[in-house]
Amino acid sequence: MKQNRIGQPMARVEDARLTSGQGTFIEDLNPLPNIHHAAILRSPYPHARIKAIRTEKAERMPGVKGVVTGEDIARMTVPFPVGVTAPVKYYSLAVEKVRFVGEPVAVVVAKNRYLAEDALEAIEVDYEPLPAVVDIEKALEQDAPLLHDEVGSNIANHRFFDYGDVDRAFAEADHVIKHKFRFPKYSATPVETYGVIAQYESSGNHLTIWSNFHGPFTLQSVMAAALQMPSNHLRIIIPKDVGGSYGIKSGVFPYMVLMGVVSKKLGLPVKWIEDRQEHLTASSSGTDRVTWIEAAVKLDGTVTGLKMKMADSVGGYIRAPEPACLYRTHSNSTGAYRIPNLHMETIAVMTNKSPTGLIRGYGGQQLYFPLERIMHMIAEQLGMDPADVIRRNLIQTEEFPYTTPSGGVYDSGDYTAAFEKALEMANYREFRERQAKAREEGKYLGIGLACIVEPSGSNMGYITIALTPEQRAKSLPKSGSAEGATVSIDPMGGIAVRISTTPTGQGHETVAAQIVGEVLGVDPQSVRVIAEMDTLTSPWSVASGSYSSRFASIGSSAVYKAAEKVRDKLLNIAAEQLKQPPAALDIENGKVIVRDDPQQQLSLKRLIGSAHWNPQGLPSGMEPGIHETAFYSMDNALPPDENDHVNGSATYGFVADAVTVEIDADTGEVKILDYFTVHDAGKLLNPLIVEGQIMGGLVHGLGGALYEELAYDSNGHFLTGSFMDYLCPTATEIPDVTIKHFETASPLTPLGAKGLGEGNTMSAPAVIANAVADALSPLGITIDSLPLTPSRIWSMMQDAHKSTKQSKEVPI
Amino acid sequence: MNGSGEIELYAPVDQVWSKLMDPEVLADCILGCNKLELIGENKYRADLSVGIAAVKGKYDATIELADVQAPHSYKLIMHGEGVPGFLDAEGLLQLTPLDEGRTLLSYNYNADVGGKVAAIGQRMLGGVAKLIIGDFFKKLKKEIEKGQQSA
Numbered sequence: 001m002k003q004n005r006i007g008q009p010m011a012r013v014e015d016a017r018l019t020s021g022q023g024t025f026i027e028d029l030n031p032l033p034n035i036h037h038a039a040i041l042r043s044p045y046p047h048a049r050i051k052a053i054r055t056e057k058a059e060r061m062p063g064v065k066g067v068v069t070g071e072d073i074a075r076m077t078v079p080f081p082v083g084v085t086a087p088v089k090y091y092s093l094a095v096e097k098v099r100f101v102g103e104p105v106a107v108v109v110a111k112n113r114y115l116a117e118d119a120l121e122a123i124e125v126d127y128e129p130l131p132a133v134v135d136i137e138k139a140l141e142q143d144a145p146l147l148h149d150e151v152g153s154n155i156a157n158h159r160f161f162d163y164g165d166v167d168r169a170f171a172e173a174d175h176v177i178k179h180k181f182r183f184p185k186y187s188a189t190p191v192e193t194y195g196v197i198a199q200y201e202s203s204g205n206h207l208t209i210w211s212n213f214h215g216p217f218t219l220q221s222v223m224a225a226a227l228q229m230p231s232n233h234l235r236i237i238i239p240k241d242v243g244g245s246y247g248i249k250s251g252v253f254p255y256m257v258l259m260g261v262v263s264k265k266l267g268l269p270v271k272w273i274e275d276r277q278e279h280l281t282a283s284s285s286g287t288d289r290v291t292w293i294e295a296a297v298k299l300d301g302t303v304t305g306l307k308m309k310m311a312d313s314v315g316g317y318i319r320a321p322e323p324a325c326l327y328r329t330h331s332n333s334t335g336a337y338r339i340p341n342l343h344m345e346t347i348a349v350m351t352n353k354s355p356t357g358l359i360r361g362y363g364g365q366q367l368y369f370p371l372e373r374i375m376h377m378i379a380e381q382l383g384m385d386p387a388d389v390i391r392r393n394l395i396q397t398e399e400f401p402y403t404t405p406s407g408g409v410y411d412s413g414d415y416t417a418a419f420e421k422a423l424e425m426a427n428y429r430e431f432r433e434r435q436a437k438a439r440e441e442g443k444y445l446g447i448g449l450a451c452i453v454e455p456s457g458s459n460m461g462y463i464t465i466a467l468t469p470e471q472r473a474k475s476l477p478k479s480g481s482a483e484g485a486t487v488s489i490d491p492m493g494g495i496a497v498r499i500s501t502t503p504t505g506q507g508h509e510t511v512a513a514q515i516v517g518e519v520l521g522v523d524p525q526s527v528r529v530i531a532e533m534d535t536l537t538s539p540w541s542v543a544s545g546s547y548s549s550r551f552a553s554i555g556s557s558a559v560y561k562a563a564e565k566v567r568d569k570l571l572n573i574a575a576e577q578l579k580q581p582p583a584a585l586d587i588e589n590g591k592v593i594v595r596d597d598p599q600q601q602l603s604l605k606r607l608i609g610s611a612h613w614n615p616q617g618l619p620s621g622m623e624p625g626i627h628e629t630a631f632y633s634m635d636n637a638l639p640p641d642e643n644d645h646v647n648g649s650a651t652y653g654f655v656a657d658a659v660t661v662e663i664d665a666d667t668g669e670v671k672i673l674d675y676f677t678v679h680d681a682g683k684l685l686n687p688l689i690v691e692g693q694i695m696g697g698l699v700h701g702l703g704g705a706l707y708e709e710l711a712y713d714s715n716g717h718f719l720t721g722s723f724m725d726y727l728c729p730t731a732t733e734i735p736d737v738t739i740k741h742f743e744t745a746s747p748l749t750p751l752g753a754k755g756l757g758e759g760n761t762m763s764a765p766a767v768i769a770n771a772v773a774d775a776l777s778p779l780g781i782t783i784d785s786l787p788l789t790p791s792r793i794w795s796m797m798q799d800a801h802k803s804t805k806q807s808k809e810v811p812i
Numbered sequence: 001m002n003g004s005g006e007i008e009l010y011a012p013v014d015q016v017w018s019k020l021m022d023p024e025v026l027a028d029c030i031l032g033c034n035k036l037e038l039i040g041e042n043k044y045r046a047d048l049s050v051g052i053a054a055v056k057g058k059y060d061a062t063i064e065l066a067d068v069q070a071p072h073s074y075k076l077i078m079h080g081e082g083v084p085g086f087l088d089a090e091g092l093l094q095l096t097p098l099d100e101g102r103t104l105l106s107y108n109y110n111a112d113v114g115g116k117v118a119a120i121g122q123r124m125l126g127g128v129a130k131l132i133i134g135d136f137f138k139k140l141k142k143e144i145e146k147g148q149q150s151a
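Heads up: the sequence lines are chains U and H, in that order.
Taken in order, the first sequence gives residues 1 to 812; the numbers are from this note's numbering.
Taken in order, the second sequence gives residues 1 to 151; the numbers are from this note's numbering.
Mixed in with the good hints, there may be bad ones.
[Claimed, not checked] Chain U side only, calculated, beta carbon under 7 angstroms to chain H, not exhaustive: (1) T281; (2) T397; (3) H717; (4) G721.
Hints are computed from structural coordinates only; laboratory data are not their basis.
Fair warning: this is a prediction, and the values are worked out from it, not measured in the lab.
Each residue gets a CB set at the ideal place from its N, CA and C atoms; glycine is no exception.
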């Protein structure tokens with residue numbers, strides 16, 4: 001039993017069903033008779049007015065039950081609420097205008113998907129094409145094509161922040177180092193695409209939706225508002241098996257509303273499963289971002305101030321939870337460094353691209369790419385070693401808990417030790433010698449470093465920083481990161497746990513079983529965990545769901561607290577029967593024993609039996625049965641203050657990366673020689689799952705660094721609608737990865753755990769870019785955009801060779 | 001997407017011109033053109049079926065001849081729409097007389113392609129455009145020179 005305790009690498013309980021074909025995903029569900037199938041007609045234009053839609057021909061086709069268009073949607077729903085003041089009207093189907101390629105324009109419902117797709121071809125839409133804009137800087141220009149007339153510009157959200165004395169830091173700086181960086185739009189590509197089953201019952205105005213949506217459940221209220229339904233009439237059920245998400249599936253919510261309306265209009269239960277082309281074209285993605293960054297630097301490499309202007313492209317419509325990508329890392333904007341003065345300008349701009357939303361790393365990769373690149377550029381300009389610049393600025397162990405200028409409170413860490421470990425693993429000094437030798441042979445070797453802070457367990461208050469303090473004051477403050485869990489025991493002693501963390505493959509069932517097993521002194525294998533989520537029966541709150549790595553910090557804590565309540569109840573029953581105070585008792589191996597006299601004991605089965613079969617025998621005042629729910633939130637997740645300080649996350653982990661690369665001089669291909677990553681995520685709950693999560697996050701980051709981009713041409717046409725053009729790393733692209741852990745327990749969470757699994761998604765694009773820049777530094781090449789595809793690097797190398805040749809030819 | 005080219009035809013300008021203005025000839029020479037009907041002056045409706053990469057499908061197209069300056073040049077404006085996406089193309093055809101009764105046909109075009117075709121087939125588009133245009137002139141040359149022989 002010991003091998004399955006908290007912190008031990010217990011094998012995942014989910015895997016038996018998943019590897020034997022017994023997982024149940026949304027496509028497998030058939031919860032109702034008479035389900036009909038929907039197909040969606042999508043816009044081929046990036047920006048166009050819809051002059052007319054003719055559906056009669058499609059409606060007359062055999063097997064077709066009906067068609068829904070934007071007119072129905074405008075009549076039956078209101079625009080989705082979103083946390084900005086710009087009056088953007090976003091509906092689940094295009095109304096009057098389309099604003100990105102792939103935007104849903106009409107839905108056909110038929111007896112099966114084949115007939116529905118055939119009928120799409122019979123719908124005639126008259127479009128009046130309008131000029132499109134996809135470039136962030138162009139979209140910000142005065143005369144740019146305007147996406148939303150009622151907004152008056154393409155800006156959906158715009159804020160300025162000043163912390164410390166930025167002007168003074170820059171006035172007193174020895175150097176000011178600045179650069180502009182572009183981060184690409186990319187996605188995650190879960191094997192399972194979006195899926196929705198919707199059933200509307202007119203008798204009670206009830207809508208039940210099954211979907212592979214994983215929260216945040218703040219969006220339940222967004223959906224209910226769009227549907228204009230009492231929230232308890234909108235029941236959402238999430239299957240226990242979701243085939244990956246990495247944040248992307250939170251973007252299924254507009255389709256949940258859409259299918260709800262379709263079911264209501266046609267009076268039929270409907271099912272819609274997204275295909276791969278639809279997924280790449282129009283599901284969701286991270287934002288692309290332009291960052292203008294400036295650092296105030298002292299001669300010794302100390303960074304005293306930062307200015308960052310960041311502009312995120314949120315696509316054709318800003319939709320919840322955006323503009324959160326701009327603010328999720330607001331509290332850790334200065335990363336792992338002690339930089340006291342910070343100025344930020346944040347802009348969310350709408351462009352004729354697909355709308356954005358959650359993605360693993362959310363905001364972190366966009367932040368750390370410019371931040372970690374500028375640390376290397378500082379070293380370059382000062383003639384220092386980048387490792388020394390990092391060392392000089394890292395937050396020191398004795399400074400924890402460390403408060404950042406924007407209000408983040410880093411709970412614990414030993415950044416220097418972890419960073420030095422990464423250098424040691426990479427044989428940093430030795431590699432520098434190897435690199436010098438290789439350069440003499442015309443080879444391009446490079447080493448990159450990155451130190452990043454990994455926030456986890458989002459504070460619901462952080463997103464309200466998108467509003468000014470005056471705007472915020474007008475509504476209820478938002479804070480906390482609440483999550484619930486229920487632990488119950490049936491009359492025969494069977495333990496069940498109900499969680500609302502909607503896992504999408506992270507093994508929450510396993511870890512919940514480990515926690516409950518340990519707290520109740522039973523074999524975790526005997527604990528049954530129900531991960532299926534139901535908004536009418538599960539213990540949940542607004543923050544529930546699977547995002548911001550919140551299971552290890554928050555979700556697991558709710559499970560722990562619920563198990564503790566059960567444990568306390570069992571000990572209280574035992575205390576009376578054994579005539580001992582509860583504090584004198586231990587619970588282990590299925591028994592409660594008197595600690596100092598282990599001969600005195602009672603089996604759990606007997607205690608549980610009393611609670612169910614003999615309530616009269618319970619201590620007076622105790623309720624019968626065993627069914628305990630706990631809600632857990634973090635005390636430090638407070639609303640933003642009037643000076644825009646906010647502690648955006650519950651806990652903050654740390655990742656130090658060192659990566660070595662070789663660039664092929666002929667092809668420009670980047671070969672990763674070694675990837676060393678040192679993590680500190682507090683106490684690890686299950687090292688086996690940790691390993692898998694870190695590898696997954698790292699490979700996602702590798703995709704962002706080298707391969708993945710949702711590309712559009714300058715007219716707004718989408719160019720990467722299949723895996724032939726949208727390149728994902730596969731098994732053969734995975735480099736050698738060495739992972740090392742430090743476990744600086746969080747003083748804030750009951751188990752000392754912090755979230756993880758997003759860290760390398762945030763760090764990999766930055767560290768690989770640093771390594772490539774280091775390798776190509778003899779050519780004077782600057783790396784300031786991603787992904788680093790061979791053709792891009794090859795072109796830069798060619799240009800560099802040409803310009804050095806030219807400069808050689810200049811007569812003296 | 002744009003391109004240009006020229007081709008030498010063994011026929012005098014007038015003869016080439018009349019072929020170029022003949023809808024039946026155009027319909028025969030355009031790859032995948034199932035039907036071409038006159039709907040107005042110098043304006044046609046066409047049914048095209050073209051497969052690009054994995055995206056096969058039918059397009060409803062309008063083809064318009066503008067700035068017609070007989071027998072020297074015209075502009076061909078094409079707009080096609082279908083389930084796989086849409087195509088907007090504009091081409092300029094010019095005829096220059098050469099010696100020995102030959103004619104030089106020069107052309108340039110630009111095309112904008114969108115929808116599923118662009119999303120799935122963008123790697124192929126340039127090649128497909130070249131293929132369709134190359135095929136058009138090959139067939140046209142054949143048609144003209146066939147006319148020459150029978151004349």
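Right, here's what the structure says about each hint:
{"no.": "1", "hint": "T281", "in the structure": "6 angstroms, holds"}
{"no.": "2", "hint": "T397", "in the structure": "51 angstroms, violated"}
{"no.": "3", "hint": "H717", "in the structure": "4 angstroms, holds"}
{"no.": "4", "hint": "G721", "in the structure": "3 angstroms, holds"}
The structure does not agree with numbered hint 2 stated previously, though it agrees with all others.
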